[in-house]
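Starting from the given sequences, assemble the full structure and let the hints guide the process.
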Amino acid sequence: MVATIKENESVARLPVQSWLSGLLTRHESLRGLLLLAPALLILLITVAVPFLMMGAMSLWTQVGFDYTDDWSLGNYSTILTEPLYMTLLLRSLGMAMAATLVMVILVYPMAYFLAFHVHSNKLIWLIIITLPFWTSYLLRVFAWRVILGYEGVINSGLMEMGLISEPLTFLLYSRSAVIITLAHAWAAFAFLPIYVSLEKIDKSVLEASADLGEPPFMRFFRVILPLSMPGVIAGTFIMFIPTVGDYVTPALVGGPNAAMIGNLIQLQFGTINNWPMGAALAVTMIVAITLVGLIFIALMNGLRRWAR
Amino acid sequence: MTRRFEFHKSNRVLQLYAGLFMAILYVPILFIPLFSFSDGLYIRFPIENFTLRWYAELFERTAVLKALENSVRVAVSVAILSTFLGIFAAKALARYRIPGRGPILGFILLPLVVPPIIFGVALLLMVSALSIPLSLYTIAAGHIIICLPFAIATLLPRFEGYDAAMEEAAADLGENGWWVFWRVTVPIILPGIVASLLLTFTVSFDEFVMSFFLGGTELTLPLYIWGQLRIPRAFPVVLALGTLILLFSFALVFIGLKIGRRGAIKLVDKD
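Note that the protein sequences, when read in sequence, are chains A and B. Here the first sequence is numbered in our numbering, starting from 1 and rising by one per residue. Here the second sequence is numbered in our numbering, starting from 1 and rising by one per residue.
Think of the hints as simulated: they come from the structure by calculation, not from any bench. Ideal Cβ positions, reconstructed from N, Cα and C, are used throughout, including at glycine. The hints are all genuine.
BS3-like, lysine-lysine: derived pairs with alpha carbons at most 30 Å apart:
no., chain 1, residue 1, chain 2, residue 2
1, A, 203, A, 122
2, A, 122, B, 258
3, A, 203, B, 258
4, A, 200, B, 258
One side of the interface only, derived from the structure: several residues of chain A facing chain B at Cβ under 7 Å:
no., residue
5, 29
6, 135
7, 138
8, 143
Shown next as structure tokens:
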């Protein structure tokens with residue numbers, strides 16, 4: 001409609017212009033795509049093209065300071081055969097899974113509380129819960145170093161109380177330190193989808209369940225939990241995927257025994273300087289995350305069928 | 001038939017849990033400001049001497065001020081660009097029947113979930129293949145990837161939340177396309193625009209991973225902090241700097257989320 005008026009107004013117009021505006025008037029989706037084009041173009045240049053290049057480069061081989069671009073699966077066979085790579089990959093998946101599981105369980109009651117027991121100022125609650133996750137990731141990880149460090153809050157506190165005479169060294173630079181930090185740093189990713197799915201539950205369904213005589217405890221397991229499962233699954237995914245690739249947390253609180261695949265990728269682009277291998281590792285990580293995701297979905301489907 | 005539910009009653013156990021949850025969420029972060037006022041070089045639990053000298057030292061470091069300037073320059077450009085692109089993209093997604101809307105939206109929102117290291121590495125590969133030198137510009141390019149989804153997520157509910165008839169009415173009354181946009185659309189979605197600017201600014205200002213891979217010799221504040229983490233004596237200054245950054249970011253995000261209402265939350269709903 002907008003374009004029609006414009007056309008009537010303009011007296012002198014190039015034929016191409018009127019052809020174009022005619023086309024845009026007639027095809028609504030074309031106008032939409034035109035509006036979307038700048039954003040899509042930027043993402044095409046900064047995401048799609050680099051991803052293709054990364055895929056291509058993963059098939060190259062590093063030779064000295066240069067790489068040969070004859071295609072080979074050499075990097076991938078190294079990843080699959082060298083124990084170091086597989087160990088780090090499996091460890092990353094395991095630690096991300098642990099952090100995600102812990103957080104999904106811890107976050108659920110909080111989401112439940114907010115969805116069913118908070119009746120005023122919900123927005124403020126939501127803002128306060130999600131606030132930290134918008135702000136400096138580096139500082140939030142660093143905070144755990146302050147707490148768990150050799151001269152950190154826990155050690156100096158315990159020593160002051162006279163409970164220990166030497167600082168505990170296992171606090172920092174351990175896998176549990178990484179899992180705790182990951183869980184804390186990404187909690188909102190698990191929280192939001194679970195909260196949304198609980199909030200969406202129709203209250204009349206709950207009333208029906210109560211009217212039919214189900215005690216609150218059973219109502220939770222037979223009505224609320226099943227209805228919130230999509231949120232739980234989404235939260236699991238949304239938190240699991242980015243945590244697998246984290247490298248800041250293991251670098252700051254992990255130490256060598258808790259290094260993750262992200263640290264190895266970073267090293268390939270840093271001191272090891274083997275970019276094709278770095279690209280291959282990044283691709284492998286994406287594939288591994290996808291595989292775990294598919295297995296998870298299959299398991300969930302199986303579980304649902306079994307539950308019926 | 002109105003039945004009173006136990007949901008209307010307060011549940012002590014859940015309340016206690018919620019309090020504990022919030023404490024666990026915030027207490028670790030609060031140690032940063034707490035110890036930034038401690039006089040010692042190391043963290044000691046009963047803080048003995050209160051001091052502001054780490055803050056004073058901060059402002060004497062020219063590298064900090066330079067990094068601050070760089071961060072602000074990148075974040076302002078990224079916020080404006082991603083919000084600008086976000087307005088059109090959100091309008092397109094909310095208003096027009098676009099073939100393949102689902103996959104397109106998925107592609108745009110991908111960076112919210114995929115580990116940022118992957119985008120950083122991939123972009124680094126392309127930039128170096130094109131022999132583009134690493135600089136604040138390449139950092140900004142990386143930040144756009146992350147900020148664009150946030151901008152669209154904040155703006156999309158705004159476009160979905162009002163009646164397109166208002167735009168049509170303005171057009172019927174003889175306004176042309178651009179004037180309809182400026183005088184009708186923009187005022188209606190203005191809260192979304194402000195929220196998007198604030199949120200994308202903060203996300204870019206605090207972003208580390210992309211900057212780490214795509215940064216050249218010029219540092220942003222998170223890159224500066226990363227460099228200082230290796231120096232034990234710099235610990236208190238990092239705490240002071242961290243405190244200021246946290247305070248600043250929390251304030252901006254709080255205002256942004258308050259203005260933007262439920263943008264981000266509604267979005268999760270759609271996935």
